[in-house]
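Student: Residues per chain are reported as follows:
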Amino acid sequence: MRLVDPTVQGNKSSNRRAPALKDLKGKTIGLLSNRKLNADLLLQETAACLQRRYGGRILELAHKLNPSAPAPADTLTNLTPECDYLLTATGD
Amino acid sequence: MNKAVDLTLTIQNQIHEVEDNLLAAIDYCYEQGWTDGLPVVPPEESRVAAMCAMEGRPDETVIAHHPATGLSLTVHSLAVNAVMAGCLPDYFPVLVAAFEAMEKERFNFHGSTASTGGSAPLIIVSGPIVDEIGMNAGVNLFGPGNRANATIGRAVRLTLMNVFQMVPDISDKSTQGNPGKYSFCIGERSDVNPWPSLAEEQGYPDGVSSVTVFAGAGFCNVENHGGNTPEAILDTVADSMANYGCISLGQSVVVLAPEHVNIIAAANWSKPEVQAYLFEHAQRSVAGIKRVGKFVEGEYRKQGLQEMHRGLLASDILVTVGGGDAGGHSAFIPSWSRSRGSIMQHQSIGVCVDC
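Listed in order, the protein sequences are those of chains A and B.
The first sequence lines up with residues 1 to 92 when you count with the numbering used here.
The second sequence lines up with residues 93 to 447 when you count with the numbering used here.
No lab work stands behind these hints, which were simulated from the structure alone.
Each residue gets a CB set at the ideal place from its N, CA and C atoms; glycine is no exception.
The reader is advised that the hints may include incorrect statements.
[Said to hold, decoys possible] Some but not every residue of chain A turned toward chain B, in silico, with C-beta under 8 Å:
#1 1
#2 2
#3 6
#4 8
#5 37
#6 70
#7 73
[Said to hold, decoys possible] Counterexamples of contact, computed for chain A against chain B with all Cβ distances above 10 Å:
#8 4
#9 7
#10 17
#11 32
Chain B with its partners taken away, still in its complex shape (with noise of 0.2 Å):
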């Protein structure tokens, strides 16, 4: 018995025979519905079996689980979907992960997945495997041209609407989405950046790479071209930050250019210093709040502070360093959650280091 059919009858993935003509398979994902707009990669078997190779535990191990649809991922379901968007199987490991921190509690996997909020998962890998595997981590960040980047994100998407049903308009109910929904990760620049790795700081032994999921909303562009001050920078993200459309008790993820790292760096600030000065600039007054009905006394007495801040506390705020070498411009992505229903994770790659 081969594998592909031995998967049919162990894990049910049914096996769609289409005549060998890749235009008409690419047509043919999407008469069935499997795709986000774009075309995919037919997911021809072998390939699939390719991409489950790159996973140590049986193609049958449940990664995630659904809990408002009862739906769980298999290892070889999210290959299938890996192989639609185009990654090739070094890049698995990544996938992996990521589902496995959003399988956390606190990222609260269904909230994440429906809202009206229009969350997109952001995916940030951190450690050695960027570079291993190619992802981008400088110039045009967030944007198109790098296969990994942009096929991991994908997958991840592919894979909520394919094997999780949230689909658009049935269970995805976004008011407006968000265009990191089509794909949104990242890799986190090392050679210019003057902390520890976001892997080092979570607790990953030394070569361990990690994954952090953060359920983004829209991405917000921070430029300062003239600041040339520590203070001059952060005030301007944290102004971004505080911003009435964004503010809320929920976390933050900030990433820095180059050019503004090399500003903060150049005065010796920690990455908890930079941490403490965006809490405690990222606010908005009482009365500011209450004006534009954004007011919500629980919150406000959860807080305990004078003004309104963005966060509950100073490490609420991830900060990484990417982007190219040349341009004042970071980016600040607030939370979807408006308060604490999702709380970002990590999860390392490839290896596990708590079993």
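Pulled out of the complex, with its shape left as it was, chain A reads as follows (with noise of 0.2 Å):
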């Protein structure tokens, strides 16, 4: 009997990883939030905690569309040239 496989190959991702920084001394950061419950906060707090002890600027918060869909493609494309680092989180 010649059963048909039911899965699929992925295509091979052209996604890498960034180069991981030296430190974080001065370094831009970035914000994306994912607009759950407290996901603001928590962000700020974080970025907050990490300015005081690296210095650094902290971005204007940016947010996902909604919280179970991708970043819009042009949120990432205008965050990435502004921060070193950027962070994201849920807040539920």
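Take the two lone chains, each set in its own frame, and fit them into one complex as the hints suggest.
Tutor: Here it is in structure tokens:
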């Protein structure tokens, strides 16, 4: 009996990890909220802690359109050149 | 070159050679991790070919894709899973249309398949195809016993698991799940429906059937055997919709049983009047919502009303008819989404009305 495999192979992803930062000192912090309850607060408090410890600028909070959908491409594209690292979190 | 070999080359669905022993093949499917926990029909290639033959487009046509995994669903892969679910080829156009509807952006395919909320896509089939393929729109509507309902819904879940890899505890992180995640597919009952069918409301031409997909949470039975006015029936439905565990800005599906519909229809209520009544009465006080910790200022402002209502508009409440003649049992199915994360979508079955 010949059975057809019901699964499919994924495309090879072209994504790769960004190089790790050597340190956080003076680095600009981006924030991406998923809009869940308390997410904004959690991100802002975390960023404030990091800023107190390492300095650097905190960018204005960016938001996904809703928690369960991927962030729009232009949101990520706009954040990328502005920040050295990005915090994103769920605050459910 | 026969078709199976050609498919292997073009869309790379691997062929597994197993012994000609049905029970062994069923066990093999378990061993491969291809099932939903229940036995499947082994996806023997001639059955897959018969399923594909129901679709007019080439087998490699992509019907849907998953934004997070990057995986795509072809006609062929869907057919394999339909065979495993136990579908007859006649059911396949419904399944194709269901995934085309889920592919629409506002359905939010990723969130509704991965979330802790335990969403199951409720599939509501409307129009002549309900009778043509022998779907159940009557007694035991959401229960077992009908091959079309059971296997179309099951094929959706098998496809989510096998093609899109929405595997429980890996990428499907439902806190408690939902029985509808095995199968959640119903026909709209037409013979006792006093209103236009869903397919008609959705603007499809006469004779064209449609499928509506709704990222549903758990099922809520709405029992009322004593009320004999539209208000009595609909107050009961609205109360279910507004319970603290369910109330949100999300959409709703209400399936009214014939006994309840007869009472409403006898008073000549239109469907928009039913929807408006439900929206108006499915509400909680702001103080109450605050007391249970579910108040979100932004959502309240978005709604712009004095109290917190379920949904944003009366049209957020899909009202349809189904179930057996006897019994004051209707159903309310809340949306998985607590806000506007998933909006129900529909699609014509077997025809393209836009192209």
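Student: Indicate, hint by hint, whether the structure satisfies it.
Tutor: Tested hints:
With 8 Å as the threshold, the beta carbon of residue 1 (chain A) comes within range of chain B, its nearest partner Cβ sitting at about 5 Å, so the hint holds. Because the closest C-beta pair between residue 2 (chain A) and chain B is about 5 Å apart, less than 8 Å, the hint holds. Hint status for residue 6 (chain A) relative to chain B: holds, with the closest Cβ pair at about 4 Å, below 8 Å. Against a cut-off of 8 Å between C-beta atoms, the interface hint on residue 8 (chain A) holds, since the closest Cβ of chain B lies about 5 Å away.
With 8 Å as the threshold, the beta carbon of residue 37 (chain A) comes within range of chain B, its nearest partner Cβ sitting at about 6 Å, so the hint holds. The closest approach between the C-beta of residue 70 (chain A) and any C-beta of chain B is roughly 5 Å, which is under the 8 Å cut-off, so the hint is satisfied. At its closest, the beta carbon of residue 73 (chain A) sits 11 Å from a beta carbon of chain B; the interface hint therefore is violated under the 8 Å criterion. Its closest Cβ contact with chain B, about 5 Å, brings residue 4 (chain A) to no more than 10 Å, contrary to its assignment away from the interface.
A beta-carbon of chain B is positioned within 10 Å of the beta-carbon of residue 7 (chain A); the least distance is around 5 Å. Residue placement check: residue 17 (chain A) keeps its beta carbon more than 10 Å from all beta carbons of chain B (closest about 17 Å). Residue-level check passed: residue 32 (chain A) sits 16 Å from the nearest beta carbon of chain B, beyond 10 Å.
In the structure shown, a violation is registered for the earlier hints numbered 7, 8 and 9, in ascending order.
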